[in-house]
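K.L.:
Could you put together the complete structure from these sequences and hints?
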Amino acid sequence: MSVLINEKLHSRRLKWRWPLSRQVTLSIGTLAVLLTVWWTVAALQLISPLFLPPPQQVLAKLLTIAGPQGFMDATLWQHLAASLTRIVLALLAAVVIGIPVGIAMGLSPTVRGILDPVIELYRPVPPLAYLPLMVIWFGIGETSKILLIYLAIFAPVAMSALAGVKSAQQVRIRAAQSLGASRAQVLWFVILPGALPEILTGLRIGLGVGWSTLVAAELIAATRGLGFIGSVSG
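The opening residue of the sequence shown carries number 1 in the UniProt record's numbering; numbering runs sequentially from there.
Bear in mind the hints are in silico, worked out from the structure with no lab data behind them.
Every residue, glycine too, gets a C-beta built ideally from N, C-alpha and C.
Each hint should be verified, as a subset may be incorrect.
[What the hints assert, rightly or not] Okay, the calculated beta carbon distance ranges per label pair:
#1 PRO68 to PRO132: 36 to 46 Å
#2 PRO117 to GLN177: 28 to 38 Å
#3 ARG204 to GLY113: 26 to 36 Å
#4 TRP211 to VAL232: 15 to 25 Å
#5 SER178 to THR30: 48 to 58 Å
#6 SER178 to LEU128: 44 to 54 Å
#7 PRO193 to GLN56: 47 to 57 Å
#8 GLN45 to LEU196: 45 to 55 Å
#9 PRO197 to ASP116: 14 to 24 Å
#10 THR40 to PRO197: 34 to 44 Å
#11 GLY208 to LEU179: 38 to 48 Å
#12 PRO193 to LEU219: 36 to 46 Å
#13 GLY141 to GLY67: 22 to 32 Å
[Stated by the list, open to error] Think about it this way: if two alpha-carbon atoms lie no more than 25 Å apart in a straight line, the pair counts; the simulated DMTMM-like pairs of lysine to aspartate or glutamate are:
#14 LYS166 to ASP116
#15 LYS61 to ASP73
#16 LYS166 to GLU198
#17 LYS166 to GLU120
P.N.:
Here it is in C-alpha cells:
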C-alpha cells in the first residue's frame, strides 16, 4: 500500500515539474533561435553592421566595458551601481508613500475623493513629459532623476494598494470585528494580507515602468548610468 502511495506522489511531482522544465526548454530554445537569426542577418549583411553588429562583436565590447578599462572613466559595474541607486531610492520612496496612500484611499472615501483626482490626472501622462519640469524645478542633478522615476512608480503602487483593499473580503472583516478585533488589528491581520497580491503586482508593474523611465532620464545630463552609456554609444 505504501509503495502505491509513494508512486502516486512521485507521479504527481513529475506532473508538476514537467511544465516548469518545458517552459525553461522553450525559453532557452527561443533565445537560441533569436541569436541564430541575429547572427545570420549580421553575417549576410542584410542590415548594415553600423546598425546591427554581429553577436560576437557585441559580446567583445561588453567584456571590454566590464573589464578594468570601463567606459567613459567608469567601469560597467559603476554605471550599473549608479542606475541601481536611482531606481532603488525611487522604489523605496514609492513604497513608503504609495502603499499607505493607497490603503488610506481604500479605507476612507474622503481621502479617496481628495487624492484620486490628482493621481488620475497625472497617471495617464507619460513620465518623460514631466522631465522638463523636473529639470527646471530641481536642476539637472540626481534629485530630478529620482523624482521622475518616483512619479513613474508611485501611481501603479498606490492604485494597486487601493484595489487590494477593495478586494478584501467583507466576511472576514466582519468576522474579525465580531471577535473584538480593533481597527488596527483588522487592518494588519485581515486587510493587508488580502491586499498583498495586488500590491506585489503593482510593484512589479511600477518597477518595469521605472526602469524604462530611468534609462530615459539618464539621457539628460548624466555622467554615469546605463542610459548614459546608451546615449554616448549611440
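K.L.:
It remains to establish, for every hint, whether it holds in the given structure.
P.N.:
Each hint tested on the structure:
no. : hint                         : result
1   : PRO68 to PRO132: 36 to 46 Å  : holds, 38 Å
2   : PRO117 to GLN177: 28 to 38 Å : holds, 31 Å
3   : ARG204 to GLY113: 26 to 36 Å : holds, 28 Å
4   : TRP211 to VAL232: 15 to 25 Å : holds, 19 Å
5   : SER178 to THR30: 48 to 58 Å  : holds, 53 Å
6   : SER178 to LEU128: 44 to 54 Å : holds, 50 Å
7   : PRO193 to GLN56: 47 to 57 Å  : holds, 50 Å
8   : GLN45 to LEU196: 45 to 55 Å  : holds, 52 Å
9   : PRO197 to ASP116: 14 to 24 Å : holds, 22 Å
10  : THR40 to PRO197: 34 to 44 Å  : holds, 43 Å
11  : GLY208 to LEU179: 38 to 48 Å : holds, 40 Å
12  : PRO193 to LEU219: 36 to 46 Å : holds, 41 Å
13  : GLY141 to GLY67: 22 to 32 Å  : holds, 29 Å
14  : LYS166 to ASP116             : holds, 14 Å
15  : LYS61 to ASP73               : holds, 16 Å
16  : LYS166 to GLU198             : holds, 10 Å
17  : LYS166 to GLU120             : holds, 17 Å
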